[in-house]
Every structure is written in C-alpha cells, then in structure tokens.
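Undergrad: Listed below, chain by chain, are the residues.
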Amino acid sequence: MADHRLQEYRRRFEREAVIHLDALMRTARRMTKTESDAEDLVQEAMLKAYRFFDKFEEGTNCKAWLFKIMTNIFINNYRSQSKAPPSIAVDDLDDGFLYGQLAQNPDLNNPEKEFFAKIFDDDVRAAVNDLPEDFRVVVMLSFLEGFAYQEIADITGLQIGTVKSRLHRGRKLLQKSLLDYALRHGYIKEPLN
Amino acid sequence: MNCKEALRLLYDVIDKEADQLDAVEVEKHLRKCRHCMKRYEFEEMFRAFVTDKGHNSRDNGELRHRILGKLDAIDAAGEVGLPRRPFRVVSLMVASAAAVIIVIVGAYWVNQSLRTSAELTPFVEAHFASQTNPVHGTGTTPFDYLYEQTGIYLVPSRSCPIEHIQTASVDTIRGVQFGRLEFLCDDGSMVTLFVTTADKYTLPDRPTETVAGRRLLVRCNKECTLVGETRQDLVFMVVATPAHQPVELAQLTSSF
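Taken in order, these protein sequences are the chains called Z and R.
Going letter by letter, the first sequence gives residues 1 to 193 in the numbering used here.
Going letter by letter, the second sequence gives residues 1 to 256 in the numbering used here.
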C-alpha cells in the first residue's frame with residue numbers, strides 16, 4: 001500500500017475507531033474478571049479491527065462494528081465454557097417492582113427523587129456488575145452505550161426478541177438489586193406491607 | 001389507548017424503540033393519566049440514572065498509547081488492511097529435476113472484496129457452514145476460517161484469486177497446528193500451502209537453496225516438490241503435486 005494510502009487508512013481508523021476505546025473498555029471491564037483481561041480483550045479487538053478496517057463500510061456504525069468484533073473475541077476466547085443460562089427467578093418480580101416499593105414507602109414524599117439521590121455511583125456500578133453476564137452485557141450495551149435493540153442483536157448475535165426480554169429482565173434485576181442496596185445501607189426503610 | 005396498552009409499550013418508548021404512531025398515542029394517554037405519567041417518568045429517570053452513574057471515567061491513556069504503538073508495528077510490517085506481504089510462493093527452479101514451481105500468493109492490496117461462501121465450492125461451503133467469520137458474522141471465506149483457527153491472516157491476490165482455492169483446513173503434526181490451503185492450478189496440478197508461526201515450528205535447515213537472496217528449504221521426490229521458507233514470524237511450506245492429490249503433513253514427513 002502506498003504510504004499516503006496507509007497514512008489515510010491509519011488516520012481514518014484513529015478518527016472513527018480509536019475514539020471508541022473508552023466505551024469498549026467500559027464494556028470489556030464488565031465482561032471480564034480482571035482489568036488486564038479487559039485491556040487484552042480491547043487491544044485484541046482494536047488490532048483485529050485495524051487489520052480488517054478496509055472491510056468496514058464507511059457510513060455505517062463503527063462503534064457497533066467494534067463492539068461486534070470485541071464480543072466475538074470474548075465469546076471465542078474469554079468466556080468460560082459453561083453456557084447454561086442463569087437460573088434466576090426474575091419473573092417473580094412484577095413490572096414496576098421498584099416503583100411500587102418506593103411508592104409504598106412511608107418515608108418518601110417524592111420516592112424516585114429521594115431514592116436516586118441516595119444511591120452512590122459505586123452502588124450502581126456494583127449492581128450492574130452483579131448482573132448475570134447475559135443480562136449485564138445487554139443492559140450495558142443499551143443503557144451505557146446507547147445501542148438500539150437491532151444493533152445489540154447484531155453485536156451479540158441474539159434474536160431481537162431475546163435482546164428485549166433480557167433487557168427487560170436485566171432492568172428488573174437491576175432495580176431489585178438497587179433497592180436491596182438502599183435497604184441494606186439504610187438509605188430507605190423497609191416498606192410496611 | 002388505555003393504561004394497560006400504555007404500560008405494555010413502556011420500555012419500548014423509554015428505549016426509543018416504539019414506532020412513531022405508538023409513541024404519539026402513548027404521549028396522548030400520558031397527558032390524561034397521571035398514574036401512567038408517573039410510572040413513565042420513574043422508568044425514564046431510572047434509565048438516565050443508570051446511564052449517568054454507570055459511566056466510569058477511568059483513564060485509558062496508557063492502553064491507548066500501547067494500542068497506537070501496536071498499530072505502528074502493524075503499519076511498519078505492512079500488515080495493514082490487507083496485509084501487504086504475508087507470503088509469496090515463488091517460482092523456484094529445482095536444478096536437477098528441471099522443475100520450476102512458481103506460486104505467488106498474496107502480496108498486494110486487493111480492492112476486490114472476498115467472495116462469500118456461496119461462491120465457493122460445495123465442499124468448502126459445507127466445511128465452513130458452521131464457522132463464524134470473526135468480523136462479519138456469517139460471511140465466511142477460507143481466509144477467515146484460517147484466521148479463526150490459527151490467528152494467521154492470508155490474503156488472496158490477483159495472482160491467486162480465491163476461486164482457485166479448493167479447501168482450507170487445519171492440519172496438525174506433532175502437536176503443531178498448520179493452516180492449510182489447497183489451490184488448484186489451471187493445468188490441473190495442485191499446490192498446497194501450509195502455514196504456521198515460527199515460534200511453534202522451525203524448518204529443517206537443509207537441504208536449502210538460495211533463490212533471489214532468500215533461503216528456501218527444497219525437497220522433491222517423484223510425487224511432489226516442497227518449498228519451505230520462514231518469513232518474519234511465519235513459516236510457509238508449499239507443496240506442488242502434478243495432479244489433484246490431497247497432501248497431508250503426516251504423509252509429507254514420511255515421504256521425505
């Protein structure tokens with residue numbers, strides 16, 4: 001490849017792909033167990049993306065493309081072999097579970113505002129981290145990275161219906177977990193049932 | 001729209017996935033129904049809250065620096081995009097046999113995109129049916145397969161277009177894994193390429209010949225001619241047979 005073409009290729013990659021490094025790391029940290037695994041995963045994804053960057057269709061979503069590469073590497077190389085779906089009784093929780101709990105709480109005049117004001121950043125991060133992997137990744141991609149359902153389906157290779165249901169259940173789990181944190185730390189009191 | 005319908009669309013609307021008409025209907029309902037409105041506001045707030053708190057602004061400067069360094073190395077090695085010079089299978093004159101084998105594989109930037117599995121031979125297609133391309137999901141080529149299996153990425157060049165590739169597979173000898181591509185030449189002869197990394201396998205140091213300044217391992221017998229070369233961190237062995245005749249590593253080592 002002529003030098004100027006190489007330079008342009010490199011510049012384009014830095015402009016369109018490397019800027020998503022922080023986003024990739026954010027998700028990688030929640031996919032892998034250690035910081036160094038997360039860095040290795042992101043680095044491998046970036047280098048693979050660079051080698052294949054001529055295949056990336058300009059004008060399409062580069063961030064989604066990078067996440068897809070990273071997710072594939074993760075599935076192939078990092079994920080533990082056990083593929084058994086997590087058995088979590090998510091569906092025991094009603095829709096609007098957290099909302100309902102807060103609304104019943106005698107201490108809270110404006111339940112949502114007070115609840116949110118009392119939870120720390122770390123609590124939220126811990127709650128996200130504690131989600132089972134399948135839910136965690138989908139929640140991350142939607143909430144934190146702002147991907148659309150279809151993009152998440154493309155990235156993870158899941159059906160769009162599965163994305164929706166995992167996101168839905170992930171959301172419920174997250175709400176339950178944050179409510180538990182809040183109760184455990186006495187940020188709010190147990191509602192009278 | 002009633003409350004039940006409005007709540008059914010709750011997350012679709014919050015996630016901005018509901019279609020326009022539904023979103024408008026929900027909007028109308030919310031204006032009338034304080035109960036649903038509060039619920040929507042709560043879920044919206046919850047989503048925004050997690051998004052906001054979940055962002056972790058840790059500095060990735062060091063990693064970025066490291067990755068950019070690796071990109072420099074890739075640039076310098078000419079591996080970018082389509083690797084510039086993964087290998088060549090060169091014309092080789094084997095003096096006594098007066099046999100000349102020239103095969104050149106992958107040296108140039110290729111603008112044409114790789115063909116999809118649908119255009120490959122049925123055998124290859126069947127072979128790759130279960131493979132997933134690391135980048136493009138389901139589109140597969142022998143090169144993608146090799147890349148997945150061995151981490152080595154080769155490129156078809158104009159001198160060796162992909163339709164000449166018969167099969168791609170992985171062959172193992174004494175625990176060392178080689179990527180294997182079979183090329184069918186126009187004259188009916190067949191060339192098989194084996195490739196692995198130099199840290200796993202070292203070519204025997206004789207008999208060697210120096211051709212155009214490159215040191216090549218050369219062996220030939222009645223059935224085939226083998227040319228081997230170590231290039232940077234890759235080891236290539238090219239085996240030419242006069243007829244279409246699959247070559248296995250195990251059989252090679254026993255015949256030489």
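Any given hint could be a false lead.
Lysine-lysine pairs mimicking DSS-like chemistry, simulated, CA-CA at most 27 Å apart [what the hints assert, rightly or not]:
1) 164/Z / 16/R
2) 4/R / 28/R
3) 189/Z / 164/Z
4) 32/R / 16/R
5) 28/R / 118/Z
6) 200/R / 113/Z
7) 38/R / 63/Z
8) 53/R / 38/R
9) 33/Z / 53/R
10) 48/Z / 200/R
11) 33/Z / 164/Z
12) 53/R / 164/Z
13) 70/R / 55/Z
14) 28/R / 189/Z
15) 33/Z / 70/R
16) 70/R / 113/Z
17) 16/R / 38/R
18) 16/R / 176/Z
19) 176/Z / 38/R
20) 53/R / 113/Z
21) 118/Z / 53/R
22) 53/R / 70/R
23) 118/Z / 63/Z
24) 33/Z / 55/Z
25) 164/Z / 4/R
26) 16/R / 200/R
27) 55/Z / 118/Z
28) 70/R / 28/R
Derived from the structure by calculation, the hints contain no laboratory data.
From a predicted model like this one, the values you see are computed outputs, not experimental measurements.
Undergrad: All hints, please: hold or fail.
TA: Results of checking the hints against the structure:
With a C-alpha separation of about 13 Å, the suggested pair residue 164/Z and residue 16/R falls inside the 27 Å cut-off, and the hint holds. A C-alpha spacing of about 14 Å is found between residue 4/R and residue 28/R, which places the hinted pair at or below 27 Å, so the restraint holds. Simply put, residue 189/Z and residue 164/Z have alpha-carbon atoms about 32 Å apart, too far for the 27 Å limit, and the pair is violated. Taken as a hint, the residue 32/R and residue 16/R pair is honoured in the structure, with Cα atoms around 21 Å apart against an allowance of 27 Å.
Of the pairs offered as hints, the one joining residue 28/R and residue 118/Z is violated, with about 33 Å between alpha carbons and a cut-off of 27 Å exceeded. The hinted pair formed by residue 200/R and residue 113/Z fails the criterion: a straight-line CA distance of about 61 Å is larger than 27 Å. The straight-line distance between the Cα atoms of residue 38/R and residue 63/Z is roughly 34 Å, outside the 27 Å bound, and the hint therefore fails. Proximity of residue 53/R to residue 38/R is assessed by CA-CA distance (about 22 Å); at most 27 Å being required, the pair is judged to hold.
Only pairs whose Cα atoms come within 27 Å are accepted, and residue 33/Z paired with residue 53/R is accepted, the gap being roughly 20 Å. Pair hint residue 48/Z plus residue 200/R holds up; C-alpha atoms about 22 Å apart against a cutoff of 27 Å. Between residue 33/Z and residue 164/Z the alpha-carbon distance is near 25 Å, which keeps this suggested pair within the 27 Å criterion. At roughly 22 Å between alpha-carbon atoms, residue 53/R and residue 164/Z fall within 27 Å of each other, so this suggested pair holds.
Annotation: proposed proximity of residue 70/R to residue 55/Z holds, straight-line Cα distance about 20 Å (limit 27 Å). Taken as a hint, the residue 28/R and residue 189/Z pair is broken in the structure, with Cα atoms around 36 Å apart against an allowance of 27 Å. The suggested pairing of residue 33/Z with residue 70/R holds, with an alpha-carbon distance near 24 Å, which does not exceed 27 Å. At most 27 Å may separate the alpha-carbon atoms for a hinted pair to count; residue 70/R and residue 113/Z exceed this at roughly 47 Å.
Restraint check for residue 16/R and residue 38/R: the C-alpha separation of about 18 Å stays at or below 27 Å, so the hint holds. With a C-alpha separation of about 23 Å, the suggested pairing of residue 16/R with residue 176/Z holds against the 27 Å cut-off. A hinted pair counts as satisfied when its Cα atoms are at most 27 Å apart, and residue 176/Z with residue 38/R qualifies at roughly 19 Å. Between residue 53/R and residue 113/Z, the direct Cα distance comes to roughly 15 Å. Compliance with the 27 Å bound is thereby established for this hinted pair.
This hinted pair checks out: residue 118/Z and residue 53/R have alpha carbons roughly 12 Å apart, not beyond 27 Å. A hinted pair counts as satisfied when its Cα atoms are at most 27 Å apart, and residue 53/R with residue 70/R does not qualify at roughly 32 Å. Of the pairs offered as hints, the one joining residue 118/Z and residue 63/Z is violated, with about 33 Å between alpha carbons and a cut-off of 27 Å exceeded. About 31 Å separates the Cα atoms of residue 33/Z and residue 55/Z, which puts this hinted pair outside 27 Å; it is violated.
The straight-line distance between the Cα atoms of residue 164/Z and residue 4/R is roughly 19 Å, inside the 27 Å bound, and the hint therefore holds. Only pairs whose Cα atoms come within 27 Å are accepted, and residue 16/R paired with residue 200/R is rejected, the gap being roughly 51 Å. Distance hint between residue 55/Z and residue 118/Z is unfulfilled; the C-alpha atoms sit about 47 Å from each other, more than 27 Å. Distance restraint check for residue 70/R and residue 28/R: the Cα-Cα separation of roughly 55 Å exceeds the 27 Å cut-off, and the hinted pair is therefore not satisfied.
Of the numbered hints given earlier, the model fails hints 3, 5, 6, 7, 14, 16, 22, 23, 24, 26, 27, 28; all others are met.
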